[in-house]
Amino acid sequence: MSAGAVGRAYPRLEGREKVTGTARYAVEYPVDGVTYGWAVPSAVVRGRITRVDPAQALASPGVLAVVHHGNAPRLAPGPEPDLWLLQEPTVHYRGQFIAVVVATSLEAAREGARLVRIDYDAGPHSTVLTDDHPGLYKPDHINPSYPTDTAEGDFDAGYAAAPVRVDVTYRTPAYHNNPMEPHATTAQWHDGRLLVHDSNQGASSVRATLAELFELPRESVRVVTQHVGGGFGSKGYAKAAVVLAALAARHVDRPVRLALTRQQLFGPIGYRTPTIQRVRLAADADGRLTAICHDAISQTSTMREFAEQTAVYTRSMYAAPHRRTTHRLVRLDVPTPFWMRAPGECPGAYALESAMDELAVAVGIDPVELRIRNDTEVDPDQGRPFTSRNLVACLREGAQRFGWADRDPAPRSRRDGHWLVGSGVAGSSYPARARPCSATATARPDGSFLVRINVTDIGTGARTAMWQVAADALGVPPERVAISIGDSDLPTAPVAGGSMGTASWSWAVIRACQALRGKLPEGGSPDRDVSAEADTSDEVGGQPTLPRYAYGAQFAEVRVDATTGEVRLNRMLGVFAAGQVVNPTTARSQLIGGMTMGLSMALHEEGVLDERYGDWVNHDLATYHITGCADVESIEAYWLDERDGELNPAGVKGIGEIGIVGAAAAIANAVHHATGVRIRDLPIRLDKLVGVSELA
Amino acid sequence: MQGGPETEITTDERHSSRVAFDVNDAPREMTLDNRTTLLDALREHLGLIGAKKGCDHGQCGSCTVLLDGRRVKSCLVLAVTLDGRSVITVEGLAGPDELSPLQAAFIAQDAFQCGYCTPGQLCSARGMLDEVDRGWPSAVTDDLGAPPDLTDAEIRERMAGNLCRCAAYPHIVAAVRETAATR
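Top line first, the protein sequences correspond to chains P and R.
Each step along the first sequence adds one to the number in my numbering, with nothing skipped, and position 659 is 659.
Each step along the second sequence adds one to the number in my numbering, with nothing skipped, and position 122 is 122.
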């Protein structure tokens with residue numbers, strides 16, 4: 001496929017719509033008689049609603065209805081308690097949606113939401129994760145289906161016997177996905193059928209969930225998802241907005257637009273759990289690891305178990321004869337944590353790659369060399385060779401591009417005026433997975449082709465990438481191919497998440513196009529539309545279980561104000577090995593985006609929870625800081641030319657998440673190199689480094 | 001103010017006003033709820049969906065439009081205050097079926113991913129370049145007396161009010177730089 005469209009840079013197919021403001025997102029479709037929904041959050045953490053008084057709201061001009069557990073349409077009690085909304089008076093966490101006000105205007109809906117009176121019987125609550133919480137327990141498995149704990153060799157003995165040991169604990173706060181477009185839905189019922197325009201990362205799965213909740217055949221539900229203003233995991237599943245909108249629309253028998261407010265995105269739609277991670281590393285005098293242990297603690301809700309797979313990164317990244325990983329969980333009176341860009345690998349790599357830096361200092365070995373020395377061709381977890389592992393090549397290429405060789409390893413060895421300057425490195429890895437998918441391809445008499453597949457383009461460039469893949473699989477220039485995505489009436493496709501979208505979707509596209517070519521006359525166009533479809537379930541399911549991973553190396557240079565402790569990122573550079581890159585333009589953007597979110601994690605983001613209210617108090621973009629334009633001075637992403645025949649027909653590994661993995665560690669390690677101070681709880685803000693010239 | 005739940009409910013009319021202003025050089029006249037923001041007037045009343053609602057609190061910049069040539073966050077402007085004013089949205093940055101150089105540069109530099117913050121970035125960049133032309137300094141301008149030199153640091157600082165969670169920042173800066181250089 002190398003001579004065709006795949007691997008070439010193309011601008012996004014929908015670029016013109018996006019820069020002219022004509023790309024329509026979920027609540028931007030013209031709908032006759034549309035009404036507006038406004039979600040009402042619970043004001044208590046844990047308890048029971050004793051009374052809902054809608055009178056004042058209903059008396060407000062324009063308000064049509066107050067939908068709550070006492071009058072809402074019934075939902076099937078499905079396997080997702082988070083989505084069983086407005087069905088019972090129980091309150092599980094502060095901010096849980098307990099009513100929807102529907103009105104003829106946004107203003108009236110918002111005012112109505114303010115006027116709904118709700119009384120509660122509130123009970124005591126527990127919302128803060130601690131490492132000695134009495135509720136700590138061992139889950140049966142961790143997200144999505146990994147074993148909770150692993151052990152090889154004898155960690156305790158191996159650790160005790162080693163000449164060099166590192167025993168450190170890292171903490172990460174709650175992180176909130178905050179896509180720029182809130183979770184939003186336009187819902188309409190026609191003759192018992194439900195149509196939603198919804199902002200999500202996978203319309204096929206949203207359709208399935210809605211069908212289950214509303215007890216409808218799947219054919220009676222249609223989910224349209226043409227353009228999505230980001231998700232970063234938080235839209236990877238049906239969420240509150242679509243369920244509330246559908247409930248409200250059924251209740252008032254009119255179409256409803258419902259968008260969550262920015263404040264409502266801090267909790268009810270998921271977030272990355274806080275973590276407490278103890279990492280113990282033991283090595284010989286040459287820095288070769290002999291024992292590795294990673295113990296991770298995180299939280300879930302009382303409604304549903306979500307167990308972040310924080311330590312799985314450590315299971316496969318570096319080799320050692322004695323190894324152990326554990327995960328413990330606490331059920332708190334909080335919303336259920338969920339996916340956020342590289343769940344597990346992201347916080348886990350921050351801890352392990354920081355601990356590797358501490359080990360490098362302890363042994364007195366360059367941190368790039370330490371990682372090279374502990375590379376392994378065999379997956380320590382599965383005991384089988386990796387299908388490809390180019391971590392060392394990424395480290396070497398990155399070191400060369402970054403100018404690592406000139407680095408004085410001593411902390412606080414560089415100064416630029418009042419700035420202390422330092423650099424750091426981290427490894428990066430993310431699994432390369434694929435899921436079953438279906439697609440159809442059609443040849444038309446005019447020589448054009450149409451490929452149909454329910455891909456979701458959340459900004460990744462998926463629409464463009466599948467168009468390129470289809471052109472090559474059909475053996476025609478891409479200009480002759482049209483692609484139709486973002487509609488659950490199209491052939492079913494898995495979610496845009498887990499860095500497995502491109503692998504899964506391209507597999508089905510290629511198979512459908514190949515099947516179509518077999519039906520076409522030699523060298524010509526058919527005299528009528530000819531279609532072929534493909535479903536990769538058998539092929540994907542029959543694939544041997546092998547350790548398939550993408551790798552990367554992250555390099556960062558920071559400057560720290562010697563007096564105030566302010567940290568600025570001078571530059572960041574990542575080199576990745578992720579198989580075939582379909583579109584260098586969109587791939588580079590996505591990798592830079594992941595790295596920037598890692599910068600945001602390292603220096604800016606922190607959900608601050610107040611136990612008195614049991615909720616995050618900085619629930620907006622003025623107080624929950626995310627990296628802005630002025631924070632990004634230089635971030636560059638490169639990749640190696642990597643071919644791996646054990647992946648999928650397109651040879652891709654996925655790039656949506658690996659950019660964030662290790663990024664925060666590289667920056668934290670650079671801060672240590674600059675200052676000699678090791679901050680082990682993120683974010684690294686100036687309050688932790690103020691007066692750094694006196695510290696260390 | 002009046003309007004507590006125990007007082008008599010006021011009518012819609014008492015909460016509404018007639019307002020006339022230009023949008024993308026076309027006169028528009030409508031009766032709007034006094035609480036309607038410019039952003040909601042554009043999106044819900046005029047069908048101009050380009051300006052986006054990212055936070056509704058003036059914290060993200062997705063709703064940025066040009067008001068009498070200057071960039072504003074349209075979620076913080078009440079529409080009824082705009083009688084006789086002129087609004088340019090992303091839909092008005094170029095003629096029909098045309099792209100402005102800035103819009104073309106955004107596509108060429110891949111200065112967006114999900115596209116949701118993009119209309120605000122574009123309007124903000126357009127307003128920002130005019131501010132530079134007028135000689136307005138920024139927080140990172142060294143010489144407040146001289147015309148600002150549009151360095152990357154200046155662009156980054158001047159575009160810092162427009163958040164992009166996909167983090168297209170380096171490409172946004174490149175697109176603005178390219179546009180500024182060819183003006």
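I should point out that these hints are in silico values taken from the structure, not numbers from a laboratory.
Just so you know, these numbers come straight off a predicted model, no measurement behind them.
Careful: at least some of the hints might be erroneous.
Computed Cβ-Cβ distance ranges for the label pairs, DEER-style [stated by the list, open to error]: (1) P:G70 - R:P101: 56 to 64 angstroms; (2) P:V128 - R:G84: 39 to 47 angstroms; (3) P:A9 - R:M30: 56 to 64 angstroms; (4) R:P101 - P:T22: 58 to 66 angstroms; (5) R:T151 - P:R8: 45 to 53 angstroms; (6) R:D130 - P:S634: 21 to 29 angstroms.
All C-beta atoms, glycine included, are put in the ideal place defined by N, C-alpha and C.
Which numbered hints fail: The structure conflicts with hints 2, 3, 4, 5, although it agrees with all the remaining ones.
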